[in-house]
Amino acid sequence: MIARDLWIDFNDVDATAHVSSLLSHARPGVAVRVGGILFVGDDEGNRCRAQVVGIASGVVDLALEGSTFEAADDSQVSKLHV
Amino acid sequence: MPLPLRKGYRPPDDALVVRGGRQVNGDLQKAAELCEAKHGVLGVSAFVAEVDDVASLVDLVPEALRHEFLGVSSVGQVRQHFDLLPSFHAPHYTIVLPDLDPGTFAILRTVLTIEPNPRFRGKPKFPRRGTKGR
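Chains G and R, in that order, are what the protein sequence lines are.
Residue 65 in numbering that gives the first Met the number 0 sits at position 66 of the first sequence; the count goes up by one each step and never skips.
Residue 68 in numbering that gives the first Met the number 0 sits at position 69 of the second sequence; the count goes up by one each step and never skips.
One should not assume that every hint holds.
[Said to hold, decoys possible] Below 20 angstroms or equal to it, Euclidean Cα-Cα: the simulated EDC-like pairs (lysine to aspartate or glutamate) are: (1) R:Lys6 with R:Asp98; (2) R:Lys6 with R:Asp52; (3) R:Lys37 with G:Asp60; (4) R:Lys37 with R:Glu67; (5) R:Lys37 with G:Glu64; (6) R:Lys37 with R:Asp98.
[What the hints assert, rightly or not] Far from chain R, some chain G residues (derived; all Cβ distances over 10 angstroms): (7) Phe9; (8) Val12; (9) Ala14; (10) Arg26; (11) Val29; (12) Ala30; (13) Arg32; (14) Gly53; (15) Ile54; (16) Gly65.
Just so you know, these hints were derived from the structure itself, not from any lab.
Beta carbons: idealized from backbone N, C-alpha and C, even for Gly.
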């Protein structure tokens, strides 16, 4: 599985496939810049590709590429610490 | 921007509440941090509707509830522990958390029963860009 660049909450994805995150929720060392493509996802292991469409005051706005969504696999889920 | 709130409708205690995912601490903490940074409220997204079953609620917001598992509850159960704010566009609500303590997350997990998503397909499709949404 490809490492996650930036955390998102899929519950926050709107009907136009846009979602926000925080710069502080990016993997250390990841370059978050407008126009860049990132692998985003949650701590369960759900993943998706997304393009950065805006950054302001530490908030990152993203447009998800929905066809790239991959649900968490069982091996990832088994590592979760609630 | 303050959290956009809707007025005029208070869902009954038996209305369904759904939040996508297994509600692990890391996701709950980061979701609450994001909500506080954007809207000044420590909270997490959920969806509420007076529908007969979970599948009917997922059908209202398929782009947001794509998880294999969902946290499911009722308005009455959630309100026993947390404030529930009608936010953005229906059926979106915000469950307000008092703090980021793991004990608070544990209480939320006792409220949200984890169930398989009846609409889970592994790789769901987004609606086309430009469709109207919240």
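Here is how each hint holds up against the structure:
1. Proposed proximity of Lys6 (chain R) and Asp98 (chain R) is contradicted: the alpha carbons are some 25 angstroms apart, above 20 angstroms.
2. Using a Cα cut-off of 20 angstroms, the hinted pair Lys6 (chain R) and Asp52 (chain R) is violated, with the two alpha carbons roughly 25 angstroms apart.
3. A C-alpha spacing of about 11 angstroms is found between Lys37 (chain R) and Asp60 (chain G), which places the hinted pair at or below 20 angstroms, so the restraint holds.
4. Taken as a hint, the Lys37 (chain R) and Glu67 (chain R) pair is broken in the structure, with Cα atoms around 27 angstroms apart against an allowance of 20 angstroms.
5. A distance of roughly 23 angstroms separates the Cα atoms of Lys37 (chain R) and Glu64 (chain G); the hinted pair therefore is violated under the 20 angstroms criterion.
6. Under the criterion of a C-alpha separation no larger than 20 angstroms, the hint pairing Lys37 (chain R) with Asp98 (chain R) is consistent with the structure, at around 16 angstroms.
7. Not every Cβ of chain R is farther than 10 angstroms from the Cβ of Phe9 (chain G); the closest lies at roughly 6 angstroms, contradicting the non-interface assignment.
8. Look at Val12 (chain G): its CB is around 5 angstroms from the nearest CB on chain R, not clear of 10 angstroms, so calling it non-interface is violated.
9. Chain R draws Ala14 (chain G) into its interface by the beta-carbon criterion, the shortest separation being 2 angstroms against a cut-off of 10 angstroms.
10. With a closest Cβ-Cβ approach of about 13 angstroms to chain R, Arg26 (chain G) is found to remain outside the 10 angstroms limit, as its non-interface label requires.
11. For Val29 (chain G), the non-interface assignment is confirmed: its Cβ lies about 15 angstroms from the closest Cβ of chain R, beyond the 10 angstroms cut-off.
12. Distance check for Ala30 (chain G) against chain R: the nearest CB is about 20 angstroms away, which clears 10 angstroms, and the non-interface claim stands.
13. Under the 10 angstroms C-beta cut-off, the non-interface status given to Arg32 (chain G) relative to chain R holds; the minimum distance is some 19 angstroms.
14. Remark: the non-interface label on Gly53 (chain G) is consistent with the geometry, its nearest Cβ contact in chain R lying 13 angstroms away (cut-off 10 angstroms).
15. Non-interface call for Ile54 (chain G) relative to chain R: holds, since the shortest CB-CB distance, roughly 13 angstroms, exceeds 10 angstroms.
16. With a closest Cβ-Cβ approach of about 3 angstroms to chain R, Gly65 (chain G) is found to fall inside the 10 angstroms limit, against its non-interface label.
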